[in-house]
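Chains as they are written, first to last, in our numbering: chain B, 1 to 344; chain X, 1 to 325.
Among the hints, a few may not be true.
Claimed, not checked - With a straight-line cut-off of 30 Å between C-alpha atoms, the simulated BS3-like cross-links for lysine-lysine are:
(1) LYS254/X <-> LYS152/B
(2) LYS150/B <-> LYS115/X
(3) LYS49/B <-> LYS18/X
(4) LYS90/X <-> LYS243/B
(5) LYS115/X <-> LYS243/B
(6) LYS306/X <-> LYS152/B
(7) LYS191/X <-> LYS243/B
Unchecked claim - Every beta carbon over 10 Å from chain B, so not counted as near; a handful from chain X, in silico:
(8) MET54
(9) ALA84
(10) THR92
(11) ASN95
(12) LEU96
(13) GLN160
None of these hints come from the bench; they were simulated from the model. All C-beta atoms in this analysis are idealised placements derived from N, C-alpha and C, irrespective of residue type, glycine included.
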Amino acid sequence: MKNKSPNTILFASGLFLCILVFWVNLSIGSVAIPVGEVIGRFFGQEFSKRSWETIVIGYRLPKAFTAILAGITLSISGLQMQTFFRNPLAGPFVLGISSGAGLGVALLIMAGSAFGWSVYSGGLGLWAIIISASAGAVLVLLLMSLTAWKVKDSMTLLIVGLMFGSAVSALISLLAFFSNAEQLKLFTVWSMGSLGSTQTNQLIGFLIASLIGIIPMMLMLKSYNAMLLGEAYAESMGVNINKLRWTMIISTGILAGSATAFCGPIAFIGIAVPHMARLVFRTGDHSVLFPASALIGAIVLLVCDAISQLPGSAQTLPINAVTSLVGAPMVIWLILRRNFSKEF
Amino acid sequence: MVNLQSKNLNIGYQSGKKSKAIAEDLNFNLEKGKLTCLLGPNGVGKSTLIKTIMGQVSPLGGEIFLEGKPLTFYSQKALAKKIAVVLTEKITTGNLTVGQLVALGRIPHTGWLGKLSIEDQNKVEQAISQTHIGYIRNQPLSECSDGQLQKTMIARAMAQDGEILILDEPTAHLDLVNRFEIMHLLRKIAKESKKAVLVVTHDLEIAIEAADVFWLMQCGQPLVTGLPEDLIINGQINLLLPSDRLSFNPKSGKVQPKIDEFAIQIEGPEATVQWVQAALKKHISIDKLQTVQIRVEENPLRILLKQGEMEKEFLGIGGLLEFLD
Numbered sequence: 001m002k003n004k005s006p007n008t009i010l011f012a013s014g015l016f017l018c019i020l021v022f023w024v025n026l027s028i029g030s031v032a033i034p035v036g037e038v039i040g041r042f043f044g045q046e047f048s049k050r051s052w053e054t055i056v057i058g059y060r061l062p063k064a065f066t067a068i069l070a071g072i073t074l075s076i077s078g079l080q081m082q083t084f085f086r087n088p089l090a091g092p093f094v095l096g097i098s099s100g101a102g103l104g105v106a107l108l109i110m111a112g113s114a115f116g117w118s119v120y121s122g123g124l125g126l127w128a129i130i131i132s133a134s135a136g137a138v139l140v141l142l143l144m145s146l147t148a149w150k151v152k153d154s155m156t157l158l159i160v161g162l163m164f165g166s167a168v169s170a171l172i173s174l175l176a177f178f179s180n181a182e183q184l185k186l187f188t189v190w191s192m193g194s195l196g197s198t199q200t201n202q203l204i205g206f207l208i209a210s211l212i213g214i215i216p217m218m219l220m221l222k223s224y225n226a227m228l229l230g231e232a233y234a235e236s237m238g239v240n241i242n243k244l245r246w247t248m249i250i251s252t253g254i255l256a257g258s259a260t261a262f263c264g265p266i267a268f269i270g271i272a273v274p275h276m277a278r279l280v281f282r283t284g285d286h287s288v289l290f291p292a293s294a295l296i297g298a299i300v301l302l303v304c305d306a307i308s309q310l311p312g313s314a315q316t317l318p319i320n321a322v323t324s325l326v327g328a329p330m331v332i333w334l335i336l337r338r339n340f341s342k343e344f
Numbered sequence: 001m002v003n004l005q006s007k008n009l010n011i012g013y014q015s016g017k018k019s020k021a022i023a024e025d026l027n028f029n030l031e032k033g034k035l036t037c038l039l040g041p042n043g044v045g046k047s048t049l050i051k052t053i054m055g056q057v058s059p060l061g062g063e064i065f066l067e068g069k070p071l072t073f074y075s076q077k078a079l080a081k082k083i084a085v086v087l088t089e090k091i092t093t094g095n096l097t098v099g100q101l102v103a104l105g106r107i108p109h110t111g112w113l114g115k116l117s118i119e120d121q122n123k124v125e126q127a128i129s130q131t132h133i134g135y136i137r138n139q140p141l142s143e144c145s146d147g148q149l150q151k152t153m154i155a156r157a158m159a160q161d162g163e164i165l166i167l168d169e170p171t172a173h174l175d176l177v178n179r180f181e182i183m184h185l186l187r188k189i190a191k192e193s194k195k196a197v198l199v200v201t202h203d204l205e206i207a208i209e210a211a212d213v214f215w216l217m218q219c220g221q222p223l224v225t226g227l228p229e230d231l232i233i234n235g236q237i238n239l240l241l242p243s244d245r246l247s248f249n250p251k252s253g254k255v256q257p258k259i260d261e262f263a264i265q266i267e268g269p270e271a272t273v274q275w276v277q278a279a280l281k282k283h284i285s286i287d288k289l290q291t292v293q294i295r296v297e298e299n300p301l302r303i304l305l306k307q308g309e310m311e312k313e314f315l316g317i318g319g320l321l322e323f324l325d
């Protein structure tokens, strides 16, 4: 498609903005570090205070990378869902992935206290959370794949996915009802999301999972473009809808599942960012929207994380609350300002 | 030149062990360079036939041959390079321009990123110029009229560059001028690009004017094919009108009530009389007209009504209707 040069400019400035936000993100927190010092550190200079090195490299850098990865994975799975289901309000979690992960974590916390060990007892506890969340997400993913194998209609698939999601959420509520205050608090904290709990080890795991999840989408870019015209037209242009449905479920399952496993459920990024990409790049072409969503997703989550640090105070807000607070007005604004059905 | 052929084709839907037959024993040849119109009442299986030809629905029996080989011989991708379609589905994507949508037609021919080669671009340009939509190529779809949208969809199908072009009711929802234009555009495409064009339509009058071949589909009857003019002369066109009340008038080329029960005599110039009669037929019951005599004059229009001794004059049909009602 045409208009290569304006897109190049947009991507270049997006990348620049991303790096800038990245540095600002590193400088913000309970200890304020001047942005200049942070940038200097990346060009070989040393921090003027020793403790800053530990704060930035040991804690804030993995957090920023986690934000970037989570932003990318959530946005890309949202983009796939919206195009596949031809629904502007679809997001990465409509097929119940995050509920599944939540169920895994809820079970872990219940079992954990039953066996007398705390989930937050260090590195092992983190991996335990990640693994149980992944297991929950994979379980839902398997159920959805089974459904997709039986059901050929996309709308039915979407409805079944929503039903799975609410059924699993109901199970979580039941678990919560029978759990004690401490367990409830643990689960609630997890469900508010956290970018800061991943360390370098987990970050590598997250990176590998993201790459595995992104590959199927990259192979299907052309098919997603064909899907803009609906399933019947896509089929008439040689797109194998069944194959696309499978790769979509697997790709979004891995992407949204790993994001939830490593950071907890993070709302709204997956719904809002693909719309922002369409708005900024004014195109429906997925070979543009795919990198654009990834870039904007990274920027938005870095910004949300910076906001959640409440610059100038020692407090931090839960990231899920911030993304929702930023995302909800965003989606409302989009709906009010533009005619969704026309622009989508 | 035969491009697509069927032998004793049975179409319908299969779900599990149950199958629902919709039409049976269809035999046809779809030829290159000709505009073929498929006509028939709603629910007779026209769309199912199209889906069967597209390979999206398997036939319940019989076979379809594309360029001499059975349809099942072709993969979905290979078929996409042979057959392009314009469907009734409304395109909801507003974020594409006309040019971009036409370029989507090249999807079966491009690599995994969908990047257009020089040849692809040429085909897109050709499709755009043949359908005369160059002037709106940078316009978003959300700002296109229905007529422009339909031409864009036709251009997209052209860009897909199959030998066969199938259109499902391309003129529905369009105004008169656009219907006429689209049909003649399709005829031109068939002639100039040597494509086999199959159009499902309910626009009998425009179809008669533009089509080379008619396929008439009627419930429980074999497919009737032939030159539209031949079908009119031998009366087979009435297959489309199974009801007792309507028939095709070969003289006017229009569908009209079979028995003209409305036989009120009106004197005057033929064209004017025809429309006065039409208005009376629509609004006034026949028994009210038993006792009246009507005469019309032209330039200026005067309608003279005689009822026994009373005479009345009207300057328009409206006044006459009001009086009689």
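### Task
Give me the numbers of the hints this structure contradicts, sorted from smallest to largest.
1, 2, 3, 6, 7, 8, 9, 10, 11, 12 and 13
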